[in-house]
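Visitor: If you read the sequences in order, they're chains A and B. Read in order, the letters of the first sequence are residues 0 to 223 in numbering that gives the first Met the number 0. Read in order, the letters of the second sequence are residues 0 to 83 in numbering that gives the first Met the number 0.
None of these hints come from the bench; they were simulated from the model. Treat the hints with care, since some could be wrong.
Derived DSSO-like pairs: lysine-lysine, alpha-carbon spacing no greater than 27 Å straight-line [claimed, not checked]: (1) B:Lys82 with A:Lys194; (2) A:Lys193 with A:Lys162; (3) A:Lys95 with A:Lys75; (4) A:Lys21 with B:Lys82.
This structure is a prediction, so every number in the text was calculated from the model and none was measured.
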Amino acid sequence: MMLKMAMRFTQIVQLYEFNGVKSLLNEFFYRKRCAIAVEKKLVDLKPFTGKTPDDVGIVDVDSGMDKSFFRKYTVKHRNLKCECYLKSGYQAVALKRADNVVGDIWYATKTGSSQDPIHPDMEWLNLFARPKDVYTFDMFLDPNERGNGMAAYLQHSALLLLKEKGFEKAYGYYMADNIPALWVHRLLKWEAIKKVYTKRFVRRWVIEEETLAKSRATPYRGGA
Amino acid sequence: MEIGETVKGFIVSELMIGKRGENLDDTFSLIENGVLDSLGIMRLIQFIEEKFSFSIEDEDILPENFENIDSISRFIKRSISNKI
Numbered sequence: 000m001m002l003k004m005a006m007r008f009t010q011i012v013q014l015y016e017f018n019g020v021k022s023l024l025n026e027f028f029y030r031k032r033c034a035i036a037v038e039k040k041l042v043d044l045k046p047f048t049g050k051t052p053d054d055v056g057i058v059d060v061d062s063g064m065d066k067s068f069f070r071k072y073t074v075k076h077r078n079l080k081c082e083c084y085l086k087s088g089y090q091a092v093a094l095k096r097a098d099n100v101v102g103d104i105w106y107a108t109k110t111g112s113s114q115d116p117i118h119p120d121m122e123w124l125n126l127f128a129r130p131k132d133v134y135t136f137d138m139f140l141d142p143n144e145r146g147n148g149m150a151a152y153l154q155h156s157a158l159l160l161l162k163e164k165g166f167e168k169a170y171g172y173y174m175a176d177n178i179p180a181l182w183v184h185r186l187l188k189w190e191a192i193k194k195v196y197t198k199r200f201v202r203r204w205v206i207e208e209e210t211l212a213k214s215r216a217t218p219y220r221g222g223a
Numbered sequence: 000m001e002i003g004e005t006v007k008g009f010i011v012s013e014l015m016i017g018k019r020g021e022n023l024d025d026t027f028s029l030i031e032n033g034v035l036d037s038l039g040i041m042r043l044i045q046f047i048e049e050k051f052s053f054s055i056e057d058e059d060i061l062p063e064n065f066e067n068i069d070s071i072s073r074f075i076k077r078s079i080s081n082k083i
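Given only the sequences and the hints, what does the whole structure look like? Please build it.
Guide: Now the structure itself:
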């Protein structure tokens, strides 16, 4: 309970600090928004060919990591959320510049979690994870690091690392009106598998789901 | 001013600051060369929507429509003619 409250607090503070009050309200109160659920076959993933950012490194973060790792985050409060995710059993790929953490992306797996679904998003997205599937979520970059292809670099590096760990397919989602997120997913050739329309008044409700023609994903509800 | 020149002017002055964009070719890859990253695409879309008075649907925000000046110009022309 305390963990969830701390995570929610961090999310609210970040949204307010970086995007303003309007964005904060839009995130928690809306009548209809479209989430695009996506999948990526990791076996087809090629090495990163874009412009590699200078002086940054990728770190594989799991629950065995030194707890102080995220205290070197350059963004105030983000470390709280990261520590909560770690305690919840999620794993991450972090972006480091010198000794500081400047970005992170999280993932949930069948093996790393006793929860079913492996992440709460998978329930409302109606997606089912098999043992070699991974669900990626909540990518964050220090605002000073945004631009210069850093988001694509972090996401691509994370997917390569997951491929090396033996995962075969990654899932995720982005909001259709979030152009930067949409662009990064399209550049990395994620395949859109469904549109999920939701309304939100703090809690989220699914209004309708539109499966896209190319989908081969197993639904969570009724999945095996 | 021609569509391509208008788009090029915006990209050079707003997205390629300090990157010697004055000799930008119409087929120069804006994606591979890191000009259109996640923030760059957002600013370019806002510019196109305001300048050419049409809205860009999320289905149209595809790498093939924004690969270079040439493909962006073709996309804008197509969108304008579909609107009429």
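Visitor: The structure should be examined with respect to each hint, and the outcome stated for every one.
Guide: Evaluated hints:
1. For the hint pairing Lys82 of chain B with Lys194 of chain A, the CA-to-CA distance comes to about 25 Å; that is within 27 Å, so the pair holds.
2. Note on Lys193 of chain A and Lys162 of chain A: the hinted pairing holds, with a Cα-Cα distance of about 23 Å set against a maximum of 27 Å.
3. Between the alpha carbons of Lys95 of chain A and Lys75 of chain A the distance comes to roughly 15 Å, so the proposed pair stays at or under 27 Å and holds.
4. A threshold of 27 Å between alpha carbons decides the hint, and for Lys21 of chain A with Lys82 of chain B the separation of about 31 Å lies outside it, so the pair is violated.
When held up to the earlier numbered hints, the structure conflicts with hint 4 and nothing else.
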